[in-house]
Amino acid sequence: MRTVIVDDEPLARALVREYLAAHADVAVVAECGNGFEAVKAIAELAPDLVVLDIQMPKLDGFEVVELVGARSGTRFIFATAFDQYAIRAFEVRALDYLLKPFSQQRFDQALDNVRGALAASTVAPAPAPSLQGLGRASAPAQPLARVPIRDGTRVHVVPCDAIDCVQAQDDYVEIRAGGKAWLKNQALSDLEAQMDPRRFLRVHRSWLVNIEAVSRIEQATRDSHVAVLRDGSRVPVSRGGYQKLRAALS
Amino acid sequence: MQAPLSNRRGALLYVVAWVCLGMALGAVCAALAPARLINGLLFALPTTPVYGIAAGFSTYYLCRANPLGTRPAPLLIVMLAAAAIVAGFMWLAVLLGWNELCRGLGVPWAGITVRTELSALLFALGVLLYGLLAAINYLAIEAGRARSAERRALEARVAAQEAELRMLRTQIDPHFLFNSLNSISALTSQDPPAAREMTLQLASFCRHSLGLADQDRVTLEQEMTLVRHFLAIEKVRFGARLVTEEALEKGALACLVPPMIIQPLVENAVKHGIGQLPEGGLLLVAAWREGSGAGMRLRIAVSNAVDTEGQGGGAGGIGLANVRQRLACAYPNAATLAWKREDGTFSVEIALPAQTRES
Numbered sequence: 001m002r003t004v005i006v007d008d009e010p011l012a013r014a015l016v017r018e019y020l021a022a023h024a025d026v027a028v029v030a031e032c033g034n035g036f037e038a039v040k041a042i043a044e045l046a047p048d049l050v051v052l053d054i055q056m057p058k059l060d061g062f063e064v065v066e067l068v069g070a071r072s073g074t075r076f077i078f079a080t081a082f083d084q085y086a087i088r089a090f091e092v093r094a095l096d097y098l099l100k101p102f103s104q105q106r107f108d109q110a111l112d113n114v115r116g117a118l119a120a121s122t123v124a125p126a127p128a129p130s131l132q133g134l135g136r137a138s139a140p141a142q143p144l145a146r147v148p149i150r151d152g153t154r155v156h157v158v159p160c161d162a163i164d165c166v167q168a169q170d171d172y173v174e175i176r177a178g179g180k181a182w183l184k185n186q187a188l189s190d191l192e193a194q195m196d197p198r199r200f201l202r203v204h205r206s207w208l209v210n211i212e213a214v215s216r217i218e219q220a221t222r223d224s225h226v227a228v229l230r231d232g233s234r235v236p237v238s239r240g241g242y243q244k245l246r247a248a249l250s
Numbered sequence: 001m002q003a004p005l006s007n008r009r010g011a012l013l014y015v016v017a018w019v020c021l022g023m024a025l026g027a028v029c030a031a032l033a034p035a036r037l038i039n040g041l042l043f044a045l046p047t048t049p050v051y052g053i054a055a056g057f058s059t060y061y062l063c064r065a066n067p068l069g070t071r072p073a074p075l076l077i078v079m080l081a082a083a084a085i086v087a088g089f090m091w092l093a094v095l096l097g098w099n100e101l102c103r104g105l106g107v108p109w110a111g112i113t114v115r116t117e118l119s120a121l122l123f124a125l126g127v128l129l130y131g132l133l134a135a136i137n138y139l140a141i142e143a144g145r146a147r148s149a150e151r152r153a154l155e156a157r158v159a160a161q162e163a164e165l166r167m168l169r170t171q172i173d174p175h176f177l178f179n180s181l182n183s184i185s186a187l188t189s190q191d192p193p194a195a196r197e198m199t200l201q202l203a204s205f206c207r208h209s210l211g212l213a214d215q216d217r218v219t220l221e222q223e224m225t226l227v228r229h230f231l232a233i234e235k236v237r238f239g240a241r242l243v244t245e246e247a248l249e250k251g252a253l254a255c256l257v258p259p260m261i262i263q264p265l266v267e268n269a270v271k272h273g274i275g276q277l278p279e280g281g282l283l284l285v286a287a288w289r290e291g292s293g294a295g296m297r298l299r300i301a302v303s304n305a306v307d308t309e310g311q312g313g314g315a316g317g318i319g320l321a322n323v324r325q326r327l328a329c330a331y332p333n334a335a336t337l338a339w340k341r342e343d344g345t346f347s348v349e350i351a352l353p354a355q356t357r358e359s
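As you go down the protein sequences, you meet chains A and B in turn. In this text, residue positions in the first sequence follow UniProt numbering: the first is 1, and each later residue adds one. In this text, residue positions in the second sequence follow UniProt numbering: the first is 1, and each later residue adds one.
Careful, some of the hints might be misleading.
[As the list claims (entries may be wrong)] For each label pair, taking beta carbons as the anchor points, the in silico distance ranges come out as: (1) Gln142/A - Pro193/B: 34 to 44 Å; (2) Glu44/A - Ala203/B: 37 to 47 Å; (3) Pro236/A - Thr336/B: 43 to 53 Å; (4) Glu44/A - Gln161/B: 48 to 58 Å.
Simulated from the structure, these hints should not be mistaken for laboratory data. Don't be surprised by glycine CBs; every beta carbon is placed ideally from N, CA and C.
Kindly produce the complete structure, drawing on both the sequences and the hints.
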């Protein structure tokens, strides 16, 4: 079992490595001190298991899972001192949730879960349906403050404040911020559900716009409008979207 | 208004005001009667303050017994009007009786001829003065009520703040505790002496913070001891990522500060500053005095490296707001808290009066 350990504290990583040493079938293929390294390592090494801290610099554990989550076969165990993330952890289909400090026995139990899950997945192909959408619908008490976007093995983190608009493109969304654009593999409605609804408005079937980026609304044809953004780009606005936008801007 | 004669200065002022009024009334009466000024003054001067005091007490008790809003307004008006008319008649009776007494002396400098017009005028004046006194009493009662409501609200706020403060002072971030225990757990097999060292640090930190929480003020030296225990523990967790430095003026260490006031700043600096940097950074605690004599100020600054690409906000969080509130409570209008973010550094500076145990 090829394993990656992710924690920003060297001692916490050492502890996991020590616990893993008791298992002959486990090979630690990488240790990462932050989320960026983790995304890179997971993308390159395709490990079977990732033991993941949640509070880390740059990218937190959930953002790491979100960015690499599409890859089936990699299982996640969260290890954290915070108990309030447990529900969210299972929503992103973590196999276990270890509360620091944890014992060797508790850790072994978690590893058994992973073995069971891996065995099940070799018999039948991994059940791929994403529960992310389900989790999103109920989970985010707090709207997203930044959007992590993966580009190969590199990761961009775009603050939500900087985003001008988002356009749906097939399976992707194109996120535009400060004159640049990024593609992210996500449904627009999924992203919309995560964003602050007071700031981001769905003005069109395939457009989400940051209210603060709108500089004016123009009449396009007799019954359609366009929103002109601060960077000069034009976003189509549907009739329903126009009403929402007018209400939000007034 | 307090009971009219409840304090000496107020009573004196009240009587003086009525004496003045009596002199003016005397002059007017002398002009209208017509009579010599001395006759007018003798007519009005002794009686007016007497009426003032009698009417003052009367309105005071009447207004006290019937506060605004407890009875229908028309009833109140009728009652007051009746009282004013009765008072007016009594005032007239006293004046006339006194005048008769003066005239009975048979001397030219006492007594005036009171005609009907003057009687009517005096009666009206009595009624008006009574009404005026009632209005003043109601104003005073309302003002007093507003003031006491304000004071009660203030007291409630102070009590709430104190309760919150007590809670804050005894509170240690549980995640800090769990993460530390996890580190100790890791060290027990890898470096037993270090595990023991960290256990001791953690114990000292807990004991020290409990001890400090009971006190109203501690010296900066004591507060720094706590901060050092905390940083020693965090250094074990973060390893080389956390570099700390102190720049403390010797005299400043003897100054008094509210307990656990620097601790949350340092905790924030580690959690939101160094903790967000993969390569870590420097955390600096500095304290020095400024100015001299009674106006001497103690300034304490905590600055740390931050992620330059991090979200612009960051500050103004719960921790800073709490520290600001506690300072405002402990030193009303005398303490300040300011923070700034420059390039890769975030710094918080607090300034408060420099007090020592002796002063």
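Right, here's what the structure says about each hint:
| no. | hint | verdict |
| --- | --- | --- |
| 1 | Gln142/A - Pro193/B: 34 to 44 Å | holds, 43 Å |
| 2 | Glu44/A - Ala203/B: 37 to 47 Å | holds, 44 Å |
| 3 | Pro236/A - Thr336/B: 43 to 53 Å | holds, 51 Å |
| 4 | Glu44/A - Gln161/B: 48 to 58 Å | holds, 54 Å |
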